[in-house]
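Chemist: If you read the sequences in order, they're chains A and B. Start counting the first sequence at 5; every next residue gets the next number (my numbering). Start counting the second sequence at 12; every next residue gets the next number (my numbering).
For the record, the hints were derived by calculation from the structure and aren't laboratory data. Bear in mind the structure is a predicted one, so any value in this text is a computation, not a measurement. Careful: at least some of the hints might be erroneous.
Sample of chain B residues at the chain A side, in silico, Cβ under 10 Å [as the list claims (entries may be wrong)]:
| no. | residue |
| --- | --- |
| 1 | 238 |
| 2 | 266 |
| 3 | 268 |
For the chain B half of the interface with chain A, some residues (derived, Cβ under 7 Å), not all of them [stated by the list, open to error]:
| no. | residue |
| --- | --- |
| 4 | 169 |
| 5 | 237 |
| 6 | 248 |
| 7 | 259 |
| 8 | 263 |
From chain B, some residues computed to sit far from chain A (all C-beta separations above 12 Å) [claimed, not checked]:
| no. | residue |
| --- | --- |
| 9 | 41 |
| 10 | 84 |
| 11 | 85 |
| 12 | 213 |
Note that beta-carbon positions come from the ideal geometry of N, C-alpha and C, so glycine has one too.
So you can see what is in the structure, the chains are spelled out below.
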Amino acid sequence: MKPTQKAAGAAANYVDERTGAAKWLKKNLTKVFPDHWSFMLGEIALYSFIILLLTGTFLTFWFDPSQREVIYNGSYLPLNGLHMSAAYDSTLRLSFDVRGGLLMRQIHHWSALIFMSAIVAHLFRVFFTGAFRKPREFNWLIGVGLLTFGIVEGFLGYSLPDDLLSGTGIRIAEAILQAIPVVGSYLSFFAFGGAFPGTAFIPRIFIVHVLLLPGLFLALITIHLMLVWYQKHTQYPGPGRTEKNVVGYPLMPVYMAKAGGFFFVVFGVTAFLGAVASINPIWLVGPYTPGQISAGSQPDWYMGWLDGLVRAAPPLETHAFGHTISWNILIPGLILPGILFTGMALYPFIESWFTGDKREHHLLDRPRNAPNRTALGVTSIVFILITIVNGGNDIIATHFHLTINGIMWFTRVGLFVIPPIAFVVTKRVCLSLQRSDRDLVLHGRETGRLVMMPNGEMLEVHEPLSDAKKWTLTQHQRPEALAAPLPASATVGLKGKLRARMNRAHATQIPAPTLTDLKELGEGHH
Amino acid sequence: MKRISSFRRTRIAGPILVVAALFTIGTAFGVASALPGAQTPMTTGTSTLVSQGKAIFLRGCSSCHGLHAEGGSIAPSLIGVGSAAVDFQVGTGRMPMADMSQQAMQKKPLYNPQETAALAAYVASLAPGPSSVTNESLAYERDGNSALGGQLFRTNCAMCHNFAGQGGALTNGKYAPSLMGVTPKIIYEAMITGPQSMPKFTDATITPQQKLSIIKWLQAANHEQNQGGASLGRVGPVTEGLLGWVLGLGLLIGAAVWLAMKAK
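One chain only, chain A, in its complex shape:
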């Protein structure tokens, strides 16, 4: 044994004798993870979170979270001599007078956008493959929590520099707070320590942004990952993959290398964006004063749907018992988001209620094989996309020469009309894809080679699929397993009828080819 190996062995032994780590490590370093690009979306979110922590810490060294009024006297001349808050002033100094400050700010902001989009992309993957099913419902709930906190965290970060866009966003948040019936104005006074804008809000949200929410994120992410570890990762169906095994590569060394490498890829992409593309140029936007507003004021994209809903709302208000209820803000700003997020959080339980499926699932669904769920997901995405379009209606109007009223009316009508169409279309597409799978299994792959028979007939040569491919295309569960037939007692009453109707909808499926089908086609078929 070489002396270096001897020294390493002695050191490892020293640690092991005091911690007993060897046994645990031996077991866990060989833990197997399945391999698929879509399993790495959550990793993007995790790594951008780490980048957010690192760059965010750097920013706190110079940022002054105070609404104390100062006169700017720094190196950005077009703002010289103007009155502004210390928060805005310190952000300007951070951007122009601190070495690397602007780059760090931009990496921080780009990572935040990528963090949120990675969470959403990860959510799509989990939803469309049915990874939220038993036993992973709690992890779904934690994920919905992370998404919600992410939106809040992002909004607070956007609000901190106290520029004209920040202030506009905070003003809208204040309006939404005030729209809560009866207690709204008290809540607003509590949050702002008096009338808007006051001097208390930015110091308060600073602590929430840099301490409270990041702590919460760390805790929730830890539980999220521990549950993945404990329950093991789901896998896509394929030959040799069952509900009882995990097929993939061991953590050490394959995943250590892959995950470590991917972290640096994420860091690279965010640093690249931070270096080449300007984001939130607060010096152009100017300091916040309540008397000013810019055309095309927008929130970051993950708040765009909320802004779009508020922009679409018709002006409805009622006055009763000395109180004004602003339905135009209350409905799009609080009630609809509440319904959307509650529905999203409860979906695993709702689906299991109407399918009657209480089994554990570790094999993922191919989205086409659960047409009803896929259609529901696409419906929700289309709904949110329409609201995001309306959130950017002013930018779209100027850049595509459209009328802003036209876009608003398109949204008002489209929100009710287009999602149902999307549902029907998606379901039909899923069923068609199932038919195409069935054809593939029965008739093989079209090779594009035409053969002329002796009698002049032209035929295309079909190539049979491999057995592995056939297995992957036909392994999914039959309708009776997809949604268990409900007992007659469970379908009584309005609730029961709804459950029975949804149960039937969920079980819609193209029958997979059977052995009889194959035999009927016979040997000599094309």
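Given chain A, work out where chain B should sit, using these hints.
Modeler: Chain B alone, transformed into the frame defined by chain A:
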């Protein structure tokens, strides 16, 4: 031939074809739009500026604005609008309007500077009004204060023209145009005449010196280099979100696909 037909079947053939097609169309369009258009022949006046302007007015403007510029059902009266309004509207090609759309769009001017000056002189002769200015007469570099101009701009102009003067949407298809590349005299004339949806900023609301400050700030914004990289249009988070999704997440998903592929 065999090489081509086997290339056609490869996976990258589609994307390459699309890029090639886009390139061809783009180049063709670029060449076609760069070809010189027909030049408006110059009219020669024989009388004074005012009567020359009246002749142009009768020929080109009176069908909507009336024979005596008194206005009509589809066009406002021009009595008292002053030479500044004519210089702004005709000089930027907004008038004569191409069609009765939501608002007069800026386009290539129909009349040359001499004809525009003649029209302006004729309209100014009808009744006193704001006078046109020249770029040289506006000493904004000397008399303006850029920081003050920025503040005035954000208070009075940004709600329609956006914080960086990029323009913005108004109701029913009307819009506040981008102020990038607009000459100082056009900005000044717009402020004193209030064209279309824009309010009129008299010297009592915003003093001439404050107007010069706004112009100075805008000219600086025009030439300001983009700190921190590509500007993304200076329109705020919409383009940022788009880039984050398409380029940011796009690159990362590409990397994820690549990492998952290598395992085979």
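Chemist: For every hint, state whether the structure bears it out.
Modeler: Here is how each hint holds up against the structure:
1. 238: 7 Å, holds
2. 266: 5 Å, holds
3. 268: Given a least distance of 4 Å, the restraint on residue 268 of chain B holds.
4. 169: Cβ of residue 169 of chain B sits 4 Å from chain A, so the hint holds.
5. 237: 6 Å, holds
6. 248: 5 Å, holds
7. 259: Because about 5 Å separates residue 259 of chain B from the closest Cβ in chain A, which is inside the 7 Å limit, the hint holds.
8. 263: 5 Å, holds
9. 41: 20 Å, holds
10. 84: 23 Å, holds
11. 85: 20 Å, holds
12. 213: Since the minimum Cβ distance to chain A is about 20 Å, residue 213 of chain B lies beyond 12 Å and the statement holds.
Hint compliance for this structure: no hint is broken.
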